[in-house]
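*Asks:* Single-letter residue listing:
Number of protein chains: 2
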Amino acid sequence: MTLILSNADVGNLLTMPECLAALEEAYEELAHGRGVSRQRSDSIVRTTREDALYSLKSMDGVIGKLGVGAVRINSDIVTWPKFGNNMRRVKVPAAPNQRYTGLVLLFSSETGEPLAIMPDGVMQRIRVGAANGLGVKYMARANAKSIGILGSGWQAGTQLTAACAVRTIETIRCFSPNKENREKFSAEMTEILGIEVVPVDSPEAAVRGADIAMCASNTVDNIFFEHYLEPGMMVSSIKRPEIAAPVIRRADRVVVHTQQGKPMLVASEGLDVPEHGEDKGWGSMAEIDFTKMPTLPEMIVGKCTGRGSDEEITVFLNNLGLGYQFAAAGAVVYRKAKEQGVGHELPTDWFTEDVHP
Amino acid sequence: MTLILSNADVGNLLTMPECLAALEEAYEELAHGRGVSRQRSDSIVRTTREDALYSLKSMDGVIGKLGVGAVRINSDIVTWPKFGNNMRRVKVPAAPNQRYTGLVLLFSSETGEPLAIMPDGVMQRIRVGAANGLGVKYMARANAKSIGILGSGWQAGTQLTAACAVRTIETIRCFSPNKENREKFSAEMTEILGIEVVPVDSPEAAVRGADIAMCASNTVDNIFFEHYLEPGMMVSSIKRPEIAAPVIRRADRVVVHTQQGKPMLVASEGLDVPEHGEDKGWGSMAEIDFTKMPTLPEMIVGKCTGRGSDEEITVFLNNLGLGYQFAAAGAVVYRKAKEQGVGHELPTDWFTEDVHP
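Going down the list, the sequences are from chains A and B. Residue numbering for the first sequence follows my numbering, beginning at 17 and increasing consecutively. Residue numbering for the second sequence follows my numbering, beginning at 17 and increasing consecutively.
There may be inaccurate statements among the hints.
[To be verified] Subject to a maximum C-alpha distance of 35 Å in a straight line, what follows is the list of computed DSBU-like cross-link-like pairs (lysine-lysine):
no. : chain 1 : residue 1 : chain 2 : residue 2
1   : A       : K81       : B       : K352
2   : A       : K107      : A       : K319
3   : A       : K354      : B       : K354
4   : A       : K107      : B       : K278
5   : B       : K107      : A       : K107
6   : A       : K319      : B       : K278
7   : B       : K200      : A       : K278
8   : A       : K81       : B       : K354
FYI, nobody ran anything at the bench for these hints, they're computed from the structure.
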């Protein structure tokens with residue numbers, strides 16, 4: 017049977033410690049050249065809406081050791097509204113019942129069969145959290161106790177959960193531009209973590225004196241600047257545009273998630289896709305060659321060092337997500353779903369065939 | 017509701033003339049830079065079987081004009097046995113009930129929603145047939161009456177159906193190495209086409225004097241050679257290794273399906289993947305630069321000419337399939353399935369989400 021799982025199922029099944037462990041093992045496989053990761057691609061065309069584009073995003077990964085392959089697909093109606101000085105990428109919930117379309121398809125690498133189909137949203141934020149959590153594990157000071165976080169949205173929660181799973185955190189301060197959002201988020205995370213999260217009214221107030229500065233926004237502009245840096249600080253980012261280029265140049269060590277730092281863009285002729293533009297987002301670090309930087313998988317297997325001393329400034333830049341992460345997290349979710357009898361079971365024959373295609 | 021369709025549904029719904037028309041329109045969009053096609057990728061790792069590899073293949077396409085995007089996925093256990101002097105790529109039906117895993121996911125480019133999920137096998141052969149049928153339409157002599165076909169397998173049938181849909185064919189000869197197979201195939205196709213298909217015992221006997229020579233094999237070695245060529249012949253191939261390089265050099269006009277003539281290969285370190293090797297298959301035409309050749313979409317919109325005179329030798333090389341074709345064919349299948357109430361309906365909510373991922 018092929019399992020159809022919901023975001024609620026994924027949220028119940030995939031704990032942060034399990035996701036951290038699965039990703040760490042998967043990155044080892046990747047670093048040793050056994051696991052494989054197919055770079056994200058964005059296929060983008062116009063829609064009949066003037067302000068929106070259609071984006072079909074896909075990324076694949078296979079981890080033979082875990083017996084799985086995964087394809088993650090996003091089928092999005094995307095707009096780029098301005099919020100104050102910052103432009104954001106905002107998806108429109110245009111599917112029936114005002115919903116978004118993002119899927120993970122999990123396959124067996126031993127039989128080829130489709131094991132499970134599930135939405136990507138909850139897994140997406142847990143795996144982003146876990147990747148940056150591994151960044152913190154290898155790059156923050158061993159005695160790091162305080163976090164300043166910029167952002168209070170969808171990704172911010174798992175950033176904190178993951179960091180708190182790898183360090184003994186005592187203090188967390190949070191800034192995001194909307195006061196109501198940051199206060200609500202701080203109250204919720206205080207409850208979840210059992211550590212007080214204090215909302216503050218400027219980015220500087222959040223990161224000043226923090227051992228770990230985490231960016232968790234949906235901006236396509238810079239939000240973390242060189243003058244925020246302090247000796248011994250570890251800076252973590254979930255997407256390339258967040259950190260200004262001088263921060264990268266100033267840091268003692270910079271580790272990226274992947275050297276394939278840019279998705280493959282396949283767009284209709286003449287389309288201006290904001291986050292792929294030269295002057296915005298990706299372009300803000302155009303002069304930095306990410307293809308030569310050490311990666312998280314390399315750091316995990318000891319091919320590079322995350323931190324050399326307590327005084328160093330270190331940066332982990334989760335510059336681009338990998339379908340590979342969904343294979344690792346998906347393997348955990350599938351195993352537990354089978355054990356616990358969770359999900360809708362559909363005949364696997366519906367998703368397989370008797371012809372040799 | 018999201019439709020789950022079977023190969024039988026696709027076979028009943030998608031006629032060759034409809035597929036030819038949908039692809040022709042889709043290729044026009046592609047040639048005009050409005051439709052987009054993301055090149056196939058093959059992510060390949062070892063399995064626990066010594067003779068087999070696991071291949072997770074994906075390819076995407078979006079056709080705004082038809083309101084659809086598609087991802088085609090193959091999750092295959094692959095072996096490369098030798099048959100006589102030729103090596104073949106053979107998938108192992110390792111999924112439950114000895115089945116293969118190949119899927120097409122069809123999305124709306126206006127709402128993002130998943131419209132349908134279906135196996136790829138039947139659509140795969142119809143769209144390969146239709147692509148080569150368009151090659152025949154634009155590159156064979158207008159008065160072409162005879163076909164010689166090399167191959168009697170899964171792809172061969174739709175090659176004939178498509179060619180017969182665009183030319184008035186009177187004579188068909190078929191060769192494949194296995195006598196029983198070619199006789200069975202010839203009898204079946206005679207029935208289907210209402211045109212006698214004659215099995216013959218050598219490739220030369222099949223193609224000698226043929227106006228249209230079609231290769232429809234699963235070889236990874238050359239099967240069509242320069243000395244088979246005759247003035248006025250149109251040669252059609254469904255995969256790059258079939259035609260020997262001298263045929264390409266000798267032809268007056270060569271049109272390819274796509275300039276992205278090679279899939280993106282992402283394989284575990286040290287893996288030898290036969291059809292990606294330098295000395296086999298893809299490598300046999302290594303000296304020919306496919307990225308500079310005119311393409312089928314360009315020919316359809318008149319950016320190049322398929323045939324200049326009745327004496328010319330022309331070659332259409334379907335060098336690599338496109339996910340884009342599945343979007344075009346999928347749009348036809350989905351429309352007709354909705355009209356006719358075909359398929360299992362599942363709640364679209366199962367494949368969408370209320371979180372902004």
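*Asks:* All hints are to be evaluated individually against the structure, with a verdict given for each.
*Replies:* Now for the hints, and whether the structure bears them out:
1. Of the supplied pair hints, the one linking A:K81 and B:K352 is violated, its CA atoms being roughly 42 Å apart against a limit of 35 Å.
2. Distance hint between A:K107 and A:K319 is unfulfilled; the C-alpha atoms sit about 38 Å from each other, more than 35 Å.
3. For the suggested pair A:K354 and B:K354, the alpha carbons sit about 34 Å apart, so the restraint of at most 35 Å is met.
4. With a C-alpha separation of about 33 Å, the suggested pairing of A:K107 with B:K278 holds against the 35 Å cut-off.
5. About 39 Å separates the Cα atoms of B:K107 and A:K107, which puts this hinted pair outside 35 Å; it is violated.
6. This hinted pair checks out: A:K319 and B:K278 have alpha carbons roughly 32 Å apart, not beyond 35 Å.
7. For the given pair, B:K200 sits about 51 Å from A:K278 by alpha-carbon distance, which is inconsistent with the 35 Å threshold.
8. As the CA atoms of A:K81 and B:K354 are separated by approximately 42 Å, the hinted pair breaks the 35 Å bound.
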